[in-house]
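J.: Protein chains in written order, with this note's numbering: chain A, 8 to 128; chain B, 656 to 943.
Any given hint might turn out to be false.
Unchecked claim - Lysine to any residue pairs mimicking SDA-like chemistry, simulated, CA-CA at most 20 Å apart:
| hint | chain 1 | residue 1 | chain 2 | residue 2 |
| --- | --- | --- | --- | --- |
| 1 | B | K670 | A | L15 |
| 2 | A | K27 | B | E662 |
| 3 | B | K808 | A | E23 |
| 4 | B | K670 | A | G105 |
| 5 | B | K808 | A | A50 |
| 6 | A | K27 | B | L661 |
| 7 | B | K808 | B | V781 |
| 8 | B | K808 | A | P75 |
| 9 | A | K27 | B | R664 |
| 10 | A | K27 | B | K808 |
| 11 | B | K670 | A | S117 |
| 12 | B | K670 | A | R31 |
| 13 | A | K27 | B | Q665 |
| 14 | B | K808 | B | L663 |
| 15 | B | K808 | A | P90 |
What the hints assert, rightly or not - Okay, the calculated beta carbon distance ranges per label pair:
| hint | chain 1 | residue 1 | chain 2 | residue 2 | range |
| --- | --- | --- | --- | --- | --- |
| 16 | B | A685 | A | L34 | 40 to 50 Å |
| 17 | A | C100 | B | K808 | 21 to 31 Å |
| 18 | B | D825 | A | G61 | 51 to 61 Å |
| 19 | A | F53 | B | R664 | 17 to 27 Å |
These aren't lab readings, by the way, just hints derived from the structure by calculation.
Please read these numbers as outputs of a predicted model, since none were measured by experiment.
C-beta atoms are modelled at their ideal positions from N, C-alpha and C, and glycine is treated no differently.
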Amino acid sequence: MHELSIALSLAEVAGEAAAKAGARRVLAVRVRIGLLSGVAADALRFSYELATAGTLLEGSRLDIDELPVVVFCPDCQAERQLPGVQSFRCPVCGRLTGELRQGKELELASLEIETPDESAP
Amino acid sequence: MSTRILELRQNVLNKNDQLARELRTRFQRAGVFVANLVSSPGTGKTAMLERTLAELVRRGRPVAALVGDLETDNDARRLAASGAPVRQINTHGRCHLEAEMIGAHLEGFDLEGLEMLFIENVGNLVCPASYDLGEELRLVLLSVTEGEDKPLKYPNIFNSADAAIVTKMDLAAACEFDLETARTNIQAVRPGLPVIPLSARTGEGFLGCCPPGASREFFPIDLEVGPSHAEQIRLDTPHCSARFDRRNVIDRGSDGEGMSVQGWVEFVKVGIPGPVHDTVPVMGETPG
Numbered sequence: 008m009h010e011l012s013i014a015l016s017l018a019e020v021a022g023e024a025a026a027k028a029g030a031r032r033v034l035a036v037r038v039r040i041g042l043l044s045g046v047a048a049d050a051l052r053f054s055y056e057l058a059t060a061g062t063l064l065e066g067s068r069l070d071i072d073e074l075p076v077v078v079f080c081p082d083c084q085a086e087r088q089l090p091g092v093q094s095f096r097c098p099v100c101g102r103l104t105g106e107l108r109q110g111k112e113l114e115l116a117s118l119e120i121e122t123p124d125e126s127a128p
Numbered sequence: 656m657s658t659r660i661l662e663l664r665q666n667v668l669n670k671n672d673q674l675a676r677e678l679r680t681r682f683q684r685a686g687v688f689v690a691n692l693v694s695s696p697g698t699g700k701t702a703m704l705e706r707t708l709a710e711l712v713r714r715g716r717p718v719a720a721l722v723g724d725l726e727t728d729n730d731a732r733r734l735a736a737s738g739a740p741v742r743q744i745n746t747h748g749r750c751h752l753e754a755e756m757i758g759a760h761l762e763g764f765d766l767e768g769l770e771m772l773f774i775e776n777v778g779n780l781v782c783p784a785s786y787d788l789g790e791e792l793r794l795v796l797l798s799v800t801e802g803e804d805k806p807l808k809y810p811n812i813f814n815s816a817d818a819a820i821v822t823k824m825d826l827a828a829a830c831e832f833d834l835e836t837a838r839t840n841i842q843a844v845r846p847g848l849p850v851i852p853l854s855a856r857t858g859e860g861f862l863g864c865c866p867p868g869a870s871r872e873f874f875p876i877d878l879e880v881g882p883s884h885a886e887q888i889r890l891d892t893p894h895c896s897a898r899f900d901r902r903n904v905i906d907r908g909s910d911g912e913g914m915s916v917q918g919w920v921e922f923v924k925v926g927i928p929g930p931v932h933d934t935v936p937v938m939g940e941t942p943g
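Extracted from the complex, chain A is given alone in its bound form (with noise of 0.2 Å):
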């Protein structure tokens, strides 16, 4: 269980970036997680509220992308889907490949911020 550490980790990044857009108040975060990354989306939904008390983050909604593995097939040449992480098999031909696509993301996607409407006088 390390998603409070994950979770500090997206507090403090996703705080850099609001306060250097001139953000008052953060709405929400979404937040891109690859099935391979190692990391839940309950605990980090657990974790969130902890790991942005007394931010600009707080009170802020956490909305998860999760995103299954996507691999490669040479046989195929195309790009597939997994259905989750014990086999990687293209579910078409069988193949085993190891050529990941996609997976392992653990990305802060974007904020949904509130800034004033001009410089403050």
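Start from chain A and add chain B according to the hints.
T.: Positioned in the frame of chain A, the structure of chain B alone reads:
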């Protein structure tokens, strides 16, 4: 007040990854090869390192180790018996090592004078997968007492590794452990991953201890890979036939100018009497 969407696409572990990149550059400049050992608690990371360090020190090779645990310096004391410089990292509750902890424990190490640095991670098959420590090679260990299906239960960490080591092979029969089933499961979650069976107790699998003519398949060996090489490299030498997959190393942010696993070669060659090949032919093999 107005609201707007700020598109970012930034890595959440930006800070750790940045520190890891800096460490990797520092290690490469100093010419020290770094391996990160990950496994469950009790798999035998320390036992494997004890044997490896002792043999390398006996041969006069400058090697060192960092070892992570929540508490105690028991492992550091065991490893220090080899005579190699060893530092304990106590994480006091944290379940994995981070790049920052590595950086903080390098002070006083003469990196330029070292050939290899082993990092023994905190025993945990989940969290260490997410944290790049600036290593060149990540080894995942699985012991025969854990069962052949461990890779299926913890696929992420096996997928993040560059080689898998099966430890405690001397207990395989007693545990009714089937190596072929374990290999199949490892290949299912990470096709092409080299698998190396070992016993730190008997020395089985440490290269020089293999009986003559024994299969050397899957032993990674002298390998210099350029950026244009195929992702899976197959090697055939008088000593061994090996496969190595460099995909993850590139994923973890190497500078794209190729990599060398020469240090790993020294590691697997522990125990070989007499001269060994300095270089071997490398054949790039495009999968399929």
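J.: Against each hint, give a clear statement of whether it holds in the structure.
T.: Hint check:
For the hint pairing K670 of chain B with L15 of chain A, the CA-to-CA distance comes to about 11 Å; that is within 20 Å, so the pair holds. Proximity of K27 of chain A to E662 of chain B is assessed by CA-CA distance (about 13 Å); at most 20 Å being required, the pair is judged to hold. The suggested pairing of K808 of chain B with E23 of chain A is violated, with an alpha-carbon distance near 37 Å, which exceeds 20 Å. Using a Cα cut-off of 20 Å, the hinted pair K670 of chain B and G105 of chain A is violated, with the two alpha carbons roughly 28 Å apart.
Only pairs whose Cα atoms come within 20 Å are accepted, and K808 of chain B paired with A50 of chain A is accepted, the gap being roughly 18 Å. Between K27 of chain A and L661 of chain B the alpha-carbon distance is near 11 Å, which keeps this suggested pair within the 20 Å criterion. Only pairs whose Cα atoms come within 20 Å are accepted, and K808 of chain B paired with V781 of chain B is accepted, the gap being roughly 10 Å. A threshold of 20 Å between alpha carbons decides the hint, and for K808 of chain B with P75 of chain A the separation of about 17 Å falls inside it, so the pair holds.
About 15 Å separates the Cα atoms of K27 of chain A and R664 of chain B, which keeps this hinted pair within 20 Å; it holds. Restraint check for K27 of chain A and K808 of chain B: the C-alpha separation of about 42 Å exceeds 20 Å, so the hint is violated. Distance hint between K670 of chain B and S117 of chain A is fulfilled; the C-alpha atoms sit about 18 Å from each other, no more than 20 Å. At most 20 Å may separate the alpha-carbon atoms for a hinted pair to count; K670 of chain B and R31 of chain A exceed this at roughly 24 Å.
Taking the CA atoms of K27 of chain A and Q665 of chain B, the gap is about 14 Å. The hint holds against a cut of 20 Å. Restraint check: the Cα-Cα separation between K808 of chain B and L663 of chain B comes to about 33 Å, which exceeds 20 Å; the hinted pair is violated. The suggested pairing of K808 of chain B with P90 of chain A holds, with an alpha-carbon distance near 15 Å, which does not exceed 20 Å. A beta carbon spacing of about 46 Å between A685 of chain B and L34 of chain A agrees with the range 40 to 50 Å that was offered as a hint.
Between C100 of chain A and K808 of chain B the C-beta distance comes to about 27 Å, which sits within the given range of 21 to 31 Å. Range check, D825 of chain B to G61 of chain A: about 54 Å between beta-carbon atoms, so the 51 to 61 Å window is met. Here the CB-CB span from F53 of chain A to R664 of chain B is close to 25 Å, well matched to the stated 17 to 27 Å.
When the structure is compared with the earlier hints, violations turn up for hints 3, 4, 10, 12, 14 and for no others.
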